[in-house]
Amino acid sequence: MAPVTYLEAIRSAMAEEMARDERVFVLGEDVGAYGGAFKATEGLLGRFGAERVIDTPISETAIIGAAVGAAYLGMRPIAEMQFIDFIACCFNIVTNFAAKSRYRWGAGVPMVVRGPCGGGVGGGPFHSGNPEAYFAHTAGLKIVEPATPHDAKGLLKAAIRDDDPVLFLEHKYLYRRLKEDLPEDDYVVPIGKAIVRREGSDVSVVTFGAMVHVALDAARRLEEDGLDIEVLDLRTLAPLDRQAILESVARTSRALVLHEASRTGGIGGEIAACIAEEGFEYLDAPVTRLASLDTPVPYSPPLEHAFMPDADKVIDAVRRLVRY
Amino acid sequence: MPPIAPAAVGRPSDALSRNQLLELYYYARLTRDVEERLAILYRQNKVVGGLYRSLGQEGESVAAAYALARRDAVAPLIRNLGAILTRGVRPRDLFAQYMAKASSPTRGRDLNTHFSHIPPPDSDEPVIVGPISMLGDLVPVIAGVTLGARMLRHPRVGLTFVGDGATSTGSFHEGMNLAAVLKLPVVVIAEDNKFAYSTPVPMQMAIDRIDRRAEAYGIPHEMVDGNDMPAVYDAVKRAVDRARAGGGPSLVGVDTMRMRGHAEHDDMRYVPRDLLDQWKTQDPIDRYRRWLLDRDVAGEHEIDDIAKMTASHAAEEARLAGESPLPDPATAARGVYAEDAWMEPRLELVKSPFA
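Taken in order, these protein sequences are the chains called P and F. The number in this note's numbering is simply the position in the first sequence, starting from 1, with 101 added. The number in this note's numbering is simply the position in the second sequence, starting from 1, with 419 added.
So that you can see chain P by itself, here it is in the shape it has in the complex (with noise of 0.2 Å):
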């Protein structure tokens, strides 16, 4: 098989499933006929029909309270957001009647909510969120983001299969420029297992999405320095793997938590305070944050380029922790 990218390992998760489990469907803003806004559900339409990939008006909460009505009955949804953004018009009944509903009622919602999410491209403070930590704050939802095509379509087959709501966030600047081999079996990825991406034993680089490859490319440039930095993929971002996030940093002795999401109130936050109640015994070094400015997404590229994490500012923030 040709390698594919993140965007068709998206998609052919979403076929294949659609294949396997009659139960499971897809609805959202333009996913019929024109394939999505980024092209994820293209080909859905015509192999699977209209009652099965519903174009929906412009109606987040009545995606979802649609989603979530179905789902009680046994059916498996999957709601696409145009863009992860919009799911701002949503929250309530993501946070309120999906997450809550178990924990209330035993009655699991078996919903994936999927839609791209980060900057890099120029969307502008509308089109560029990373909305992980507004959800990662409510017991019941999980929340996964893929770094690469294998974790995607192996991701997105767990999240349709999981038995509560999933809020699947697609890195929208990866979608076209990785390519990958995939097993040609069926796979899953299992939700909460983060994975070692490079090892290393100086610095625990702890990261997920696009940040990932980020952080491969300061740690080879890192290595010039004499510098072995290890890269921890999250890939799962509730529930976070807490024991891979705390065996990564036993060997390295110092954690530098990196994500695109700004870093006030950022899930950064909850990685740093696990490793120093859990962690602090291994630590050289006060755990580090690295995330994106207190600000709206800017639009502009030098803005945008100023409010995001980079390689170089990676390495900075690596150097300084090694000097601590």
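No lab work stands behind these hints, which were simulated from the structure alone. What you are looking at is a predicted structure, and each value in this text was computed from that prediction instead of being measured. Note that the Cβ used here is the ideal one computed from N, Cα and C, for glycine as well. Please note: incorrect hints may appear among the correct ones.
With a straight-line Cα cutoff of 30 Å, these simulated DSBU-like cross-link-like pairs (lysine-lysine) come out [claimed, not checked]:
id, chain 1, residue 1, chain 2, residue 2
1, F, K727, P, K140
2, F, K727, F, K699
3, F, K465, F, K699
4, P, K294, P, K140
5, P, K201, F, K465
6, F, K602, P, K201
7, F, K770, F, K727
8, P, K258, P, K201
9, P, K280, P, K294
To spell it out: a stretch of chain F is covered by chain P in this simulated footprint if at least three of its residues, at any positions, have a beta carbon under 8 Å from a beta carbon of chain P; those stretches are [said to hold, decoys possible]:
id, stretch
10, 505-513
11, 529-537
12, 564-571
Once you have looked at the hints, place chain F on chain P.
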């Protein structure tokens, strides 16, 4: 906008048997008696939090739910206790909910009517989806229930309720529009009960009739006297039949009055006294009792026996619920995710003595 069904079709309530007509009375009476019992428990400080009465609105909740087939779905609000009892929920479960008992359908995790009953996909048992406190959300959710049922080839009509206040929310409008566009078998009961907490209807909408909220979505609608139980049954039954036949959603506006405050703590000083006096003469249960007597469906003794039966049933069920323990604090963290399969939905539905 076309009416929900041509008027020439005749009154669906004409087809109800004597037993069914008495069963409607039974459920309306039971609703009131359960709430009267809850009011006592509230005054005794045995209700945790607030008590939300449906006094004066019991008739529309019962009559609307009575228009459903067994397998249909209902998504009631806090003031639709009548719909919940009519679907077969035992009063003891309601009492246990209000008293936050371990034996309650939510095992003490959520309050009053906030619980669900979700049978297996191919079951003919009723689906019940409880509300969240952010109103309007039940409209898209009940739309999704009917969408899912249609896809599972086990279609169910979905009935939900919204108050006049909730018709101002975006969720209501998004849900209505989606149901219309996808032609889903949804029936929405929009209750004009004159106040949303303390806000009167003219501050909620600048249209004169709540049912006209449906107009923008191409959804057929009509207004009905909400305290006339047979009239509510007729309107909702036509809407349900239309939905089942593939005609899509409709909205029935009910003209009624919330005879108590938003909850029992609310002295409703904002409600004009004469408005309450005027509606007091329109009590839905009194009116239906007269209707039954006028048509010789039953005699006074028989009807009064039903009221005795519901009052003692409510008292006994309250006693049962009161005896059950509060939840074990050690269970507080259980069952957030499926991996901890701790709380399976469980609700035993029962039939009335008239079934």
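How the hints compare with the structure:
1. Under the criterion of a C-alpha separation no larger than 30 Å, the hint pairing K727 (chain F) with K140 (chain P) is inconsistent with the structure, at around 65 Å.
2. Taking the CA atoms of K727 (chain F) and K699 (chain F), the gap is about 22 Å. The hint holds against a cut of 30 Å.
3. With a C-alpha separation of about 28 Å, the suggested pairing of K465 (chain F) with K699 (chain F) holds against the 30 Å cut-off.
4. A threshold of 30 Å between alpha carbons decides the hint, and for K294 (chain P) with K140 (chain P) the separation of about 28 Å falls inside it, so the pair holds.
5. As the CA atoms of K201 (chain P) and K465 (chain F) are separated by approximately 26 Å, the hinted pair is consistent with the 30 Å bound.
6. Proposed proximity of K602 (chain F) and K201 (chain P) is supported: the alpha carbons are some 29 Å apart, at most 30 Å.
7. Of the supplied pair hints, the one linking K770 (chain F) and K727 (chain F) holds, its CA atoms being roughly 18 Å apart against a limit of 30 Å.
8. For the hint pairing K258 (chain P) with K201 (chain P), the CA-to-CA distance comes to about 23 Å; that is within 30 Å, so the pair holds.
9. Between the alpha carbons of K280 (chain P) and K294 (chain P) the distance comes to roughly 22 Å, so the proposed pair stays at or under 30 Å and holds.
10. Evaluation of the coverage hint for the stretch 505-513 of chain F: breached, as 0 residues show C-beta separations to chain P shorter than 8 Å, against a requirement of three.
11. By the rule of at least three residues with a Cβ nearer than 8 Å to a Cβ of chain P, the coverage given for the stretch 529-537 of chain F holds, with 5 such residues.
12. With 7 residues having a beta carbon nearer than 8 Å to a beta carbon of chain P, the stretch 564-571 of chain F meets the requirement of three or more and the stated coverage holds.
Hint compliance for this structure: hints 1, 10 are not met, and every other hint is.
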